[in-house]
Structures are given as structure tokens and as C-alpha cells.
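Engineer: Dock chain one against chain two, each of which comes alone in its own frame, and use the hints as you go.
Line by line, the protein sequences give chains A and B. Residue 15 is where the first sequence starts when you use the working numbering, and the numbers rise one by one after that. Residue 450 is where the second sequence starts when you use the working numbering, and the numbers rise one by one after that.
In case anyone wonders, no lab produced these hints; they're calculated from the structure. What you are looking at is a predicted structure, and each value in this text was computed from that prediction instead of being measured. Misleading hints may appear alongside valid ones.
[Stated by the list, open to error] Below 30 Å or equal to it, Euclidean Cα-Cα: the simulated DSS-like pairs (lysine-lysine) are: (1) A:Lys367 with A:Lys357; (2) B:Lys500 with A:Lys106; (3) A:Lys91 with B:Lys471.
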Amino acid sequence: MKRAEDISILITDKSFQKILSEWTGFSEERKAEIYSEYELTAKDVEILLQLWFGLDFHSFEHPQTIIEEVLEETIWKLAERKNTPSEKHPIKRLYEQFARIAAILIIPIIIYTTYIQFFKVDQNLPAVTSRLVTVSSQSGTIINMTLPDGSEVCLNAGSSISYPNHFDGSTRKVLLTGEAYFQVVKNKKVPMVVSAGNVNLKVYGTSFNVNAFPYEESVKVTLVEGSVSLSSPSGRFKGKKEFFIEPGQTVAYFDNSKKLTVLNEDTFFYTAWKDGILVFRNNTFATVLKQLSRKFNVDIELKDQNLASIPMDATFRDENINEILRLLALSTPFRYYYDSPRKLPDGTFAKSKIYIDKNKD
Amino acid sequence: MVKLSEHTDDKVLWHNLKAGDKHCFNRIFRKYYSELYYYGIKIFPAPDFVKECIQEVFIRVWETRKSLAEVENVKSYLIVSVRRMILVQKGKDKTAHNIEIGQAENYSFFFDVNEFEKHEEISDEMRQTLLTAINSLTKNQREMIMLFFYHELTYPEIAQIFEISIPAARNLMYRSLIHLRETIGEKSLNTMKNMFFLLFPSVSVKKME
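Okay, chain B solo, but in the shape it has when bound (with noise of 0.2 Å):
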């Protein structure tokens, strides 16, 4: 997860990006190359156009280095250009992709069961249980469960991609979490009365009638 040390080093390389230094500029583009594609995709499943959006963040990054301001966090940075590039670029380009972009536009943040890590803590079937409970939140809901537990952006730095303020995106967030926690509540009470069924069935017929 986040080493502590990872926002200073990150403000380092900018400051010397922006004073020209074209190592540095790789080795941001190198580190966050990945995680920004994948975000990207979410928004727009269109794999070469999100990586020349990427591309074109850095280019325009390069080119006004001299008028940039210092940041405090890089990655939060270069997530908001890469959405706003995206969103622009899509607009722009609608006769191109139009016939992608009615159906695309119907899949952003939509995840799969492979996208999460397996663990002991929780059972597949919960799994199965919690994704379809993320799928049916709204597409900012979403959007926003990714910012924050993939890529581990703060509140402040939330609200201002969606141009919200801060605690209306707190807000959001809450309403979210508590779905999917009383969606695992509901579900493992379940498993539990099931369970019992399964160890005692002649005696949970008789109750159930």
C-alpha cells in the first residue's frame, strides 16, 4: 500500500521535470504509466485511444513544464488530466468512435470478479455477492470506490475530480459503503440459516412451516 515516502519523492521529480530534467519526466511517466491506463479504461473502454489521452497528458505535461505549478500529489495530478483528456478527447472524436461510444459509455466502472485480490478473510461466494452489490451503485459510486480503495485518493482530491465539495463526496462515499456492508450483513445471515438448514434439516421443515 502507500509508503510514506512516496508523495515527497513524487514531488521531487516534478519539481525537476519542471525544470527540464527529461529523466524524471520518464520515470513518472514509467511509474504511473499502468495505473492511469487502467483507470482510463474504466472511464472509456477504447485501449488505444485512452493510451494516446495518456500520452497526449504527458506531452501537454512536457511542453508547459515552465508554467506548471507544484503539486501536492502527483498521481491525484495526472489522474484529474487524464479523466478531463478522456472526456474531452471522446467529444471531440465522436464521429470516429461514435459507434463504440453509445455501448462504452454503458460499461464504465463496471467491474469483474478477477479485478479483486482473493483472500482468506472472505469467501468466494461473498465476493460473487459484494461485486454484484459495486456493479448496481451508480456510475459515480462506482467511480468513486475505485479512486479510493485502487488508487487511494483522499477526499479533498476526490471532490475536486467530480467538482463536488468535500462533504458531499464523503457523503457519497458513506451511502456506498453502507449498501455493500448491509448487502455482506444480509448475505452471511443467510449462509448462517442455511447452514443450519444443512445441519438440521427435519427440524428447520417443521420451523419453517
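Chain A extracted, bound-state conformation (with noise of 0.2 Å):
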């Protein structure tokens, strides 16, 4: 054999490999002819069987228990595998599809009912979730209340409010029927919405007395400082929806015309009955007999219809149902007298009762 490229390739070779492992038991004879098949030196050799017995991997075996072990769990996977048979990867691929689509949907899903959580529940009036409370002042007192914002209230006698428990959304809600003079806490993200008759005021912080009892034929709207707007589902005012009242006017809007009229009168005149002061300027009888009427928790009757048109100015500040009677007569062709109080059943007095009629002289 002629010798190779480098000796170290010999180590390659399977026959010359059986020659090294047996190598120590030649005889010189036989280690000489090797020399002379592979033109090796003893030196060649002696490296090529450094070479070879360095390169013997210690052969590595596992304990036959843990051969054992490690088989009988791949039989069991096997097994697992085989109970879920390849029939279902369709069902597995249709799983994997749904969840895609979910993936998806969920954002808009989010989106879309945190829109109607926080949004929708503001276009109705009564909050889905807060309860609605109301507040009814009976004739003959006025009360002062604090809303869940810490807005105050004064209700005049014969009047009710109703607003949730408490305020959550973009708005506070209050229904006014009747008259109240309203301090609203600065919010600017939160405007409180009055609807009083058939308008809504959107107010951010003010002080501003609305009168709206059903008998009368206008909303009247005092605005005492900072800033309201009115607006009415059906009015239009100057082309806009909304009107901006200004600090010490008075708005009166009229439901039937769908007018509206600005009365340049001192804001005293509208805000007075919360200090328990009555004025009456240009007022007809009709309408003071009806505010002394709640005032004062009395029944009074006019039986002359001739007399309600007729028109007063006056300014009660202490004064009882009696002498602010005797006083306008004294001004007024009218003559009043009462009725003796009726015992009820049950042993209480009904309220009492006082008629009106023409002098007479």
C-alpha cells in the first residue's frame, strides 16, 4: 500500500484501525512488516496509536431502569396520541379560526360598550343605574337643599325637583317644576341641565332663579352671575339653538308662541321670595292671590273674575296673609273674607279658606 497523503488518515481506515487495537500483542516479525506495507517509521506509529486511543469515547449507558422508564412514557404518549386521533385537527383548525375572528371583534367590542356605557346614559334624562330623587316643597314653606354635587337649591313653596342620587356622566341632570333659585358648583366638564316646562338650561356654575309653575304661561329665567343657556326642543332663537342669558337679565319663554322675551328688571324682583320677601311688580291679582295662595297655605277664591286682570306693584317683607290683604285694598275696589275653619273626621282643621269679591261701594 502506498503511503497516504498524512499518516493520520490511516486512523480512518477500518483494517488499519484493527492493526492499532492489536498492536502490543505483535511480534517485532510482524511490526516490521507493517512498516514496510505502510512506509511507516516507529515513530509514525507510536503517534497513530496515541492518536487512536485518545479518540476511545467512553462508551455511555444509561441504568437499564431508566431505559425502562423512559420507554414506558413514550408508549404512554403514544397511547395519549392515539386517543386523539387526527380526526379532530379539523375541529382544532375551526377553534383556531374562531379565535382569530374573536381577536378582532374584542377591540370594537370594547370600544363600542364603553361608548354606550358612558355616553348613551347621558341622552336619558333618569340615569339607568342612579336612582331618581325628588323633592316636593308643600305650600306655605320653602326649602333649601344640597344636590349630590353640592349645588344648592332653594325651592319655593308649591314646587318639586328631581335629580338622580348621584351625578355620573358628562351632565347633571336636575326636572324642576315650579320655582327654585339655584347655586350650581363650577364644573366645566360637568354643565348641570335644568329642564324646567319645555327648556333646558345648561349651566357650568351660576347663580340663577327659574320660575316654571305650570299655571304660569312663560318660563322665566334670572340669571344672577356667571353664564346659562336656554333651549327648547321646538324654539329657535335668532336662528340658534341655544341662547346665552346675561348677568342681571331675565328671560321669559313663552311654550305657545315659542317666543322669547328679555325683561330688563331688577333680579331683585325675581330672587326676593327666597328671603321670604314678596314683590310684586306689574303683576295682575290673579297671579299674587296664586303666590300668596302658596305662600301663606291658603285656599283663596276669586269670585269676581272682573278683578284678575288687575294689575300691582307692592313689596311684603314681615308681614302675614291679613295685612298684605287689608293693604292691597286698600288700593284695590276688592273686599275678602274668610270661611270658619271645617273640622275634618279625623279632628284635624282643613285649610282655610278665604274668598274674594268686588266692593261692594
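Structural biologist: The following block contains the structure:
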């Protein structure tokens, strides 16, 4: 055999590997034969022996018990795999498809539900989640109260106010029948909306009076300070949906004619009632009597309707009903008399009644 | 070392396995599990991961037994399968193993002196020198040394594993061996010098000067 490119390559040769393995047992003659056959020196063989034995890997063998354990586990896994056959794959694929669609849909759904949660609620006055509280004042009493946001309301006699037990969402909705004086806590982000009669008032923080008794033909709003905008579902003001009331102004909105009138009168005239002062400025006798009836909790019957439209100017502070009627009678031709209070079956007395009639003189 | 009958034995076992003989499946598993494990752990030193990969190879062998080809060398077939499985699963499980991956790959096919048998023909010092030389080879060269001297695969089988031509495989092997042979040659020359110095220290010092 010819000498190889490099002697080291000999160790990849199966027959030479055999020679190396048996080398130590060889006779000197056999060794000499090999030297000449492979054209090797004793030194070359020495190196090859070291290389060959140096590359003898220690055989690695797991203990039999571990091999059995792993084999058992493999068979178990195989059986498990069989129980979930490949027919399941289409279902799995279907599920994956479904999961993908669900993942795409989840964001729009979240956005939609949050929208519903935060914006839709405010479009209906009584919030779905919160309870509506109604406060009514009887004739003869004025109620001072505080709304859930801290705003103060002075509720005139014979009026009622409804509001949610807590304000949430983007507006503070309040429903008013009758008359009330508001001192609204400032909150630019959450305006208060007062619905009175057929009018909505948008308020950001201010003091104002609303007069919206059902028997009055107009809703009167008096702005003391701040800013209030008035709107009505059917009304338009100079082409705009909202009318901004200026401080010191009183605005009367007539729902029948959908007309709005600005009354440049002293705000005191409209807000005095909250301090127990009765102020009449060019009011008809009928209106005056209604206010007296409310304030003093008496029934007043006007027997002669000719008197109803008589205009009156007056201011009363601590006077009682008798004194007021006496003073009014001085300038107006009417007389008044009491009905004796009737005793009811339960032992209480009925509301006293006053009759107003034309003065015979 | 290799028994001549081994390949033919394996071929019979394989043939019966294909026909659905569970007993033959078990025998092949018992026979090669340790060897495959050792190889696997050298590719990627994560014991449980390697075990699962080997199990997966055997599971697939059984599941697809009807369509399996008759193989010339069962061991070589299994080694290729395990190698491929480890590389594929390693890529898949990157998130699960990623802490180990970066480091583990750097340890592929490095050997320890205890992994080689002790023989009279080679000194402990030389064994250590040879080991250092092996570990200084490239990763593919180290793997090839193992496949050739431990698993006793042939050049065509090794070429198949590395997906290179047979001459290329042979060439790579030769370069590794030449490097190792040179290391041994140099080392023995040095030891001879050292021996000389030990025996005649006075002479050697003068000579050196």
C-alpha cells in the first residue's frame, strides 16, 4: 500500500484500526512487515497509537431502569396521541379560526360597550343605574337643599325637583317644576342641565332663578351671575339652538308662541322670594293671589273674575296674610272674608279659605 | 466495537417494526436510547428537552411505520432524525428555553477528559493535550469526530447529516486529524526535550545558551 497523504488518515481505515488495536500483541516481525507495508517509521506508529487510543470514547450507557422508564413513558405518550386522533384536527383548526375572529372583534366590542356605558346613558334623563330622587315643597314652605354635587337649591313653596342620587356621566341632570333658586358648583367638564317646563338650561357654575309653574304661561329665568344657556326642543333663537342669558337679565320663554322675551328688570324682583320677601311688579291680581295662596298655605277663591287682570305693584316683608290683604284692599276695590275652618272627621282642621269679591261700594 | 451482524439484526428489527411488531419497536428503543441521548446532549445540553426529542422521534417512527422506508443503517437513520428533531424543536421552543439557548449552543460538542477511555498507550498528559486540541476544532469538526469515532458512522452517512458531499466530509475529517496528529507530534517532541533536560540538566543549559 502506498504511503497516504498524511499518516493520520490511516486511522480512518477499518483494517488499519484493527492493526492499531492489536499492536501491542504483535511480534517484532509482524511490526516490521507493517512498517514496510504502510511506509511508516516506529515514531509514526507511536503517534498513530496515541491518536487512536486517545479518540476512544468512553461508552455512555443509561442504567437499564432509566431506559425502561423512558420507554414506558414513550409508549404512554403514543397511546395518548392515539386517543386524540387526527379527526380532531379540523375542529382544532376551526377553533383557531374562531379565536382569530374573536381577537379581531374584541377591540371594536370594547370600544362600543364603553361608548354605551359613558355616552348613551346621558341621553336619557333618568340615569339607568342611579335612582331618581324627588323633593317637593308644600304650600307655605321654602326648602333649602343641597344636590349630590354640592350645588345649593332653594325650592319655592309648591315646587318639586328631581335629580339622580348621584351624578355620573357627562352632565348633571335636574328636573324642575315650579320655582327654584340655584347656586351651582363650578364644573366645566360636567355641565348641569336643568329641565323646567319645555326648556333646558345648560349651566357650568352660576346663580340663577327659574320660575316654571305650570299655570304660568312662560318660563322665567333670571341670571344673577355666571352664564346660562337656554334651549328648547322646539324653539330657535335668532337662528341658534341656544340662547345665552347675560348676567342681570331675566328671560321669559313662552312655549305656546315659542317666543322669547328679555325683561330688563332688577333681578331682586325675581329672587326676593327666597329671602321671604314678596315683590310684585306689574303682576296681575290673579298671579298675586296664587303666590299668596302658596306662601301662606291658604285657599283663595276669586269670586269676581273682573278683578283678575288688575295690575299690582307691592313689596311685603314680614307682613302676614291679613295685613297684606288689608293693604292691597286700600288701593284696589275688593273685599275679602274668611270661611270658618271646618273640622275634619279625623279631628284636624281643613285648609282655611279666603273669598275675594268685588267691593260693593 | 462493531459487530458484523449488527446491521443485519437492525434491518430485521426495522422490517418487523414496519409490520407493526411492538416488541421490535421496544428492542430498537432499548438498544439506541443511551447512544442517541449522549449525542443529543452534545448538540444541546438540556436533559429533559433531549429526552422528549428522542421520544418524539420514536413516536413518529411508530405512527408513520407503514410509510417508512427500509433503511440500510437504523442507527444512522435515528441519529439523523434526532439531530433534526432537536434543531427544529429548539427553534420552536425558543421562548421556553431562550435563557439556556444562548449559552447552551456555545457548549455544543465540547468534551471532557473523562469522556475518553484510559489506555496504557497514551499518557494522562497527552490525553489532556489531545483533548485541548479537539476542543479547539470547529463545531462541525468536533461533531464529526464524535460521529466517526463514537457512533462509528461512515463518510456517506456523515455527509448526509451535514448535507455536504462525501469528498467534502472526508476532507473536513482529514484536516481535523492532521491537526490532532501535529499536536501529538509536537507534544512528544517537547516531552523528549524535557526528558533530555531532566537527565542532563548541566549540558542542556549550556547548549541552550
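Engineer: For the pair we were handed, Lys91 (chain A) and Lys471 (chain B), check the Cα-Cα distance against 30 Å.
Structural biologist: holds (14 Å)
Engineer: If you draw a straight line from the CA of Lys500 (chain B) to the CA of Lys106 (chain A), is it 30 Å or shorter?
Structural biologist: Within the cut-off at roughly 27 Å; holds.
Engineer: Need the status of pair Lys367 (chain A), Lys357 (chain A): alpha-carbon distance at most 30 Å?
Structural biologist: Holds: Lys367 (chain A) and Lys357 (chain A) sit about 13 Å apart, inside 30 Å.
Checked against the numbered hints listed earlier, the structure breaks none of them; every hint is satisfied.
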